[in-house]
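Trainee: Each chain, written out:
There are 2 protein chains.
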Amino acid sequence: MALEHAILVSLTERAGSGYELARRFDRSIGYFWPATHQQIYRVLRRMDEAGWVKHTEIGQDGRPDKKVYRVAAAGRAELSRWLAEPEDPAVLRDGLGVKLRGASLGSVELVLKEIERHRAEHATRLEVYRGIQKRDFPKPSGLRGRELHQYLVLRGGVRAEESFVAWCDEVIDALRKDNK
Amino acid sequence: MALEHAILVSLTERAGSGYELARRFDRSIGYFWPATHQQIYRVLRRMDEAGWVKHTEIGQDGRPDKKVYRVAAAGRAELSRWLAEPEDPAVLRDGLGVKLRGASLGSVELVLKEIERHRAEHATRLEVYRGIQKRDFPKPSGLRGRELHQYLVLRGGVRAEESFVAWCDEVIDALRKDNK
DNA sequence: GCTACCTATGCAACCAGTTGCACTGCACCT
DNA sequence: AGGTGCAGTGCAACTGGTTGCATAGGTAGC
Numbered sequence: 001m002a003l004e005h006a007i008l009v010s011l012t013e014r015a016g017s018g019y020e021l022a023r024r025f026d027r028s029i030g031y032f033w034p035a036t037h038q039q040i041y042r043v044l045r046r047m048d049e050a051g052w053v054k055h056t057e058i059g060q061d062g063r064p065d066k067k068v069y070r071v072a073a074a075g076r077a078e079l080s081r082w083l084a085e086p087e088d089p090a091v092l093r094d095g096l097g098v099k100l101r102g103a104s105l106g107s108v109e110l111v112l113k114e115i116e117r118h119r120a121e122h123a124t125r126l127e128v129y130r131g132i133q134k135r136d137f138p139k140p141s142g143l144r145g146r147e148l149h150q151y152l153v154l155r156g157g158v159r160a161e162e163s164f165v166a167w168c169d170e171v172i173d174a175l176r177k178d179n180k
Numbered sequence: 001m002a003l004e005h006a007i008l009v010s011l012t013e014r015a016g017s018g019y020e021l022a023r024r025f026d027r028s029i030g031y032f033w034p035a036t037h038q039q040i041y042r043v044l045r046r047m048d049e050a051g052w053v054k055h056t057e058i059g060q061d062g063r064p065d066k067k068v069y070r071v072a073a074a075g076r077a078e079l080s081r082w083l084a085e086p087e088d089p090a091v092l093r094d095g096l097g098v099k100l101r102g103a104s105l106g107s108v109e110l111v112l113k114e115i116e117r118h119r120a121e122h123a124t125r126l127e128v129y130r131g132i133q134k135r136d137f138p139k140p141s142g143l144r145g146r147e148l149h150q151y152l153v154l155r156g157g158v159r160a161e162e163s164f165v166a167w168c169d170e171v172i173d174a175l176r177k178d179n180k
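Residue numbers (full-length UniProt numbering), protein chains in the order written: chain A, 1 to 180; chain B, 1 to 180.
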C-alpha cells in the first residue's frame, strides 16, 4: 500500500492539516493517487498513533480548529524504507474496455456515446495537466532534483491522458466506419 | 462495479467453469480487468443465487468435477442494463509516480533502478499484446462487429503500455542527465 | 432571511480486492 | 520416492476504498 507514503511525501514537502492534504490530493498528487478526505483522516490518525507523524492543534477564529501534521523521524525512516523497496507494477483497470468488448451484446450506439463522453473528460484532464505544466514548469530543460521529479510525474499524467484520448479517437473512428 | 459484468461478457462469448474463467482473465480480459480465482468463484456464486447465471455440474474422470456456468436471461438483461448505463472514467493509480515524486527523500539511484525494472515489465507486457495482435488480428482493416471491438480493446492495452514505456524512457534519460 | 458553499473533523457501515490456507488427484521430472 | 505444477473448488480473515451522515460556524449571493 502507498496512501501512507503518498501522504508522507506530501507532508515532507509542506506540513498541513487533513483538510489541506485532501485539497492537495485533489489538485496534484491525487492525479496519480486519488484519496478522499475520509481516507486521509483515517490514515493520518493511524500514522499519528504509530508515531510517523505528529500534530499540533491550531485554534482559529471564525473557522474550526485544525490539526497540522508534520512528519516525525519514524515517518522519515518509513518513507526511505519504502522508497528502497520494490513496488508492484500498476495494473490497468478500466470498465470502458469491458463495455467496448461487450458492445455487441447491447447497443453499440450507446457504447460509442459513452466513449465520446470519456474522451471529453480525459481531454479536460489533459488540459488541466498542460495548464499546470505551462504555469509551474515553463522551462523544463533547466530543472533539477525535486522539481525535475515533480515535472516528470506530471509528464506521466500528460502522456497517459494523451494516449487515452488518442485511443478513444481510434475507437470512435473505427466504430463509425463499421456502422456505415 | 464491473467484475460481474466482465464475467458476463466473457461467459456470453463462451460458457465455462470458474477455473476456466480465471485462466481467460489471466490471458485476455484480465489485462483490462484483473481478477483472481477467489474473486471469480465468489462472484459466480453470487450471480448464481441471483439467477444471472446457471451452472451444470460436470463429472470428469482423472480430474475434479467442475461447474460450467452459462448466462441466464436475467444475466443478459443485467448486462444490457449495465451497458446502457454511464461508467465513471477510470483513474490512474500508480505508486511509481509517488516514488518518483519522493525520490529526493531517499536514494534517487534506487528509484531509477525501480523505474528501469518497471520499464522492463511493461515492455514484456507490450510484447505479449503485440503477439496476440499479430496472431489473432493479422489484418485489422477487415474487422467488423464483435471482433473489431476485441481488437480495439487490445489496441487500448498496446497504447497504454507503449506510452508507459516511453514515459519510463523519458524519466530514465532525465534522471541520468541530472545525475551527471 | 434563506440557501448554498467553504473550512474542518470525524463515525459507521458497507463493498471489493488480497492473502493464506485446505483438499483431491493426475502427470511429469529428478 | 519426492517435489513441482496443473486442474478444480472453496472458506476465512484482513485491508483498503466508498458512501452516507453528523456537526458547526463563517461568508457570499438572491
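These aren't lab readings, by the way, just hints derived from the structure by calculation.
Treat the hints with care, as some may be off.
Note that the list lumps identical chains together, so a pair holds whenever it fits in one copy or between two copies.
Straight line, CA to CA, 20 Å or less: simulated SDA-like cross-link-like pairs of lysine to any residue [as the list claims (entries may be wrong)]:
1) Lys66 with Gln38
2) Lys113 with Arg146
3) Lys113 with Tyr151
4) Lys177 with Gln38
5) Lys113 with Arg144
Trainee: Compare the structure with each hint and give your call.
Mentor: Verification of the hints:
Proximity of Lys66 and Gln38 under a CA criterion of 20 Å is satisfied intra-copy only: 15 Å inside one chain copy versus 43 Å between copies. Within a single copy, Lys113 and Arg146 get their C-alpha atoms only as close as 41 Å, which misses the 20 Å cut-off; across copies the closest is 17 Å, which meets it. Taking identical chains as interchangeable, the C-alpha atoms of Lys113 and Tyr151 lie at most 20 Å apart only when they sit on different chains, with a minimum of 19 Å there against 34 Å within one chain. For the identical chains of this complex, Lys177 and Gln38 are neighbours neither inside a copy (46 Å) nor across copies (40 Å), given an alpha-carbon limit of 20 Å.
Taking the closest pair of Cα atoms, Lys113 and Arg144 come within 20 Å of each other only across two copies (18 Å); inside a single copy the shortest separation is 43 Å, beyond that limit.
Hint 4 alone, counting from the list given before, is not met by this structure.
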